[in-house]
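The chain contents come next:
There are 2 protein chains.
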Amino acid sequence: MARAGITSESLTRAAAELADEIGFERLTGSAVARRLGVKDPSLYAHIRNARELKVRVALLALEELADAAAAALAGRSGKDALVALAGVYRDYAAKHPGRYTACRFELDAQTAAGSAGPRHTEMMRALLRGYDLPEPDQTDAVRFLGAAFHGYVSLELAGGFRHTPRDADASWAWALDTLDFALRNHPSRPS
Amino acid sequence: MARAGITSESLTRAAAELADEIGFERLTGSAVARRLGVKDPSLYAHIRNARELKVRVALLALEELADAAAAALAGRSGKDALVALAGVYRDYAAKHPGRYTACRFELDAQTAAGSAGPRHTEMMRALLRGYDLPEPDQTDAVRFLGAAFHGYVSLELAGGFRHTPRDADASWAWALDTLDFALRNHPSRPS
DNA sequence: TTAGCTTTCCTAATATGATTAGGCAAATGC
DNA sequence: GCATTTGCCTAATCATATTAGGAAAGCTAA
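Those sequence lines, one after another, are chains E and G. Here our numbering is used: position 16 in the first sequence is 55, and no number is missing along the way. Here our numbering is used: position 66 in the second sequence is 105, and no number is missing along the way.
Some clues are possibly wrong.
Heads up, the list lumps identical chains together, so a pair's fine if it works in one copy or across two of them.
[What the hints assert, rightly or not] Listed below are the simulated DMTMM-like cross-link pairs for lysine to aspartate or glutamate, each with C-alpha atoms no more than 25 Å apart in a straight line:
#1 118 - 56
#2 118 - 103
#3 78 - 48
#4 134 - 174
#5 118 - 216
#6 78 - 106
#7 118 - 145
#8 134 - 145
#9 118 - 219
#10 134 - 56
#11 118 - 106
#12 78 - 103
#13 78 - 60
None of these hints come from the bench; they were simulated from the model.
Using the sequences and the hints given, assemble the complete structure.
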């Protein structure tokens with residue numbers, strides 16, 4: 040009875056790959072077990088339940104995404120930073136659709152607090168420092184940017200733009216121009 | 040063997056109510072059957088498969104939402120219309136979280152074309168006529184507004200704003216102010 | 001009204017996925 | 001080298017999705 044040598048990491052990696060291939064919604068314990076060459080019940084030595092599988096993928100994705108965002112943001116500011124950060128989200132979603140979807144998986148407060156989620160918020164705030172918004176506008180802007188990025192990427196991922204001739208890249212650039220314009224000239228900006 | 044008297048409509052309604060109560064992701068054929076007081080296989084006289092159940096809820100929700108949007112838009116224009124339309128989405132999501140989520144369910148091209156989806160796009164375009172944007176900016180703006188609305192509502196629904204003191208209503212108003220400002224003063228506006 | 005047709009529902013059965021219990025062998029610590 | 005822990009397996013249970021086949025309900029028309 041040779042062991043498969045599953046580790047917490049290899050299991051999570053396998054689940055993430057699977058999610059990208061078949062979609063996060065269809066991610067299943069059985070499928071992961073099959074991919075790892077073990078029987079379903081063997082997974083329970085490594086995870087508490089099927090939900091934890093998804094949580095793991097979500098945490099991995101949030102961290103990968105935060106790392107990529109941090110790298111892209113380094114040395115950039117203003118619109119340059121805005122475009123770079125937005126591009127990271129969009130590219131990650133295109134390359135890892137399952138993981139991107141996982142980022143939206145609802146975590147309980149505990150888990151969310153320990154995740155890379157707060158890093159994303161911080162980076163958004165760092166980005167917004169280039170736009171000089173006073174509080175509470177900065178908080179509003181964080182939410183607004185998060186919503187705009189996520190909304191756009193998720194609509195694009197769902198194929199919402201496929202049936203209109205207009206190029207998605209061009210629309211994306213337009214959206215970023217508009218966001219930059221709105222933040223730069225926002226009425227609440229100090230003098 | 041008395042009949043339950045299920046119709047296509049009563050089935051869809053039951054499914055939609057269930058989705059609002061337990062969440063669209065957890066909507067299951069068995070649960071609907073239980074609610075209707077029939078056995079699982081009896082459903083297959085009315086639907087092709089479990090997926091169709093979700094599709095039905097999605098179509099119902101898209102239509103309800105489009106109807107509400109049309110009513111809210113009637114007689115309004117400019118920012119007034121923007122705020123009204125956005126409010127419809129947000130309120131519907133608050134009142135019918137399962138159905139709102141269903142609106143995001145991926146439909147195949149055929150089904151999507153016959154759904155109320157296109158009405159939503161048209162209404163967005165009607166709203167944007169008040170902002171006088173030339174093509175292709177109008178298309179870009181439709182996508183941008185759709186993304187912003189959906190992104191905001193879905194983040195709020197997921198509880199993304201619950202752990203920050205700033206009031207969600209105030210942030211929402213800020214976002215709408217910002218969108219209105221950006222569209223009104225957009226560089227691409229004629230003259 | 002009744003013979004016949006269609007529709008709606010049921011029971012039985014199968015497949016997949018999630019999960020627990022209990023066992024045995026492999027790795028690990030001394 | 002032995003005891004302990006750990007990883008994996010088989011067997012079993014439960015929920016959901018789905019098919020096959022049957023029977024009764026309700027409509028249709030002579």
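Each hint, compared with the structure:
no. : hint      : in the structure
1   : 118 - 56  : neither (33 Å within a copy, 45 Å between copies)
2   : 118 - 103 : within (23 Å within a copy, 39 Å between copies)
3   : 78 - 48   : within (18 Å within a copy, 42 Å between copies)
4   : 134 - 174 : neither (35 Å within a copy, 30 Å between copies)
5   : 118 - 216 : both (8 Å within a copy, 21 Å between copies)
6   : 78 - 106  : neither (34 Å within a copy, 50 Å between copies)
7   : 118 - 145 : neither (31 Å within a copy, 33 Å between copies)
8   : 134 - 145 : both (22 Å within a copy, 19 Å between copies)
9   : 118 - 219 : both (6 Å within a copy, 20 Å between copies)
10  : 134 - 56  : within (11 Å within a copy, 36 Å between copies)
11  : 118 - 106 : within (20 Å within a copy, 39 Å between copies)
12  : 78 - 103  : neither (29 Å within a copy, 45 Å between copies)
13  : 78 - 60   : within (21 Å within a copy, 35 Å between copies)
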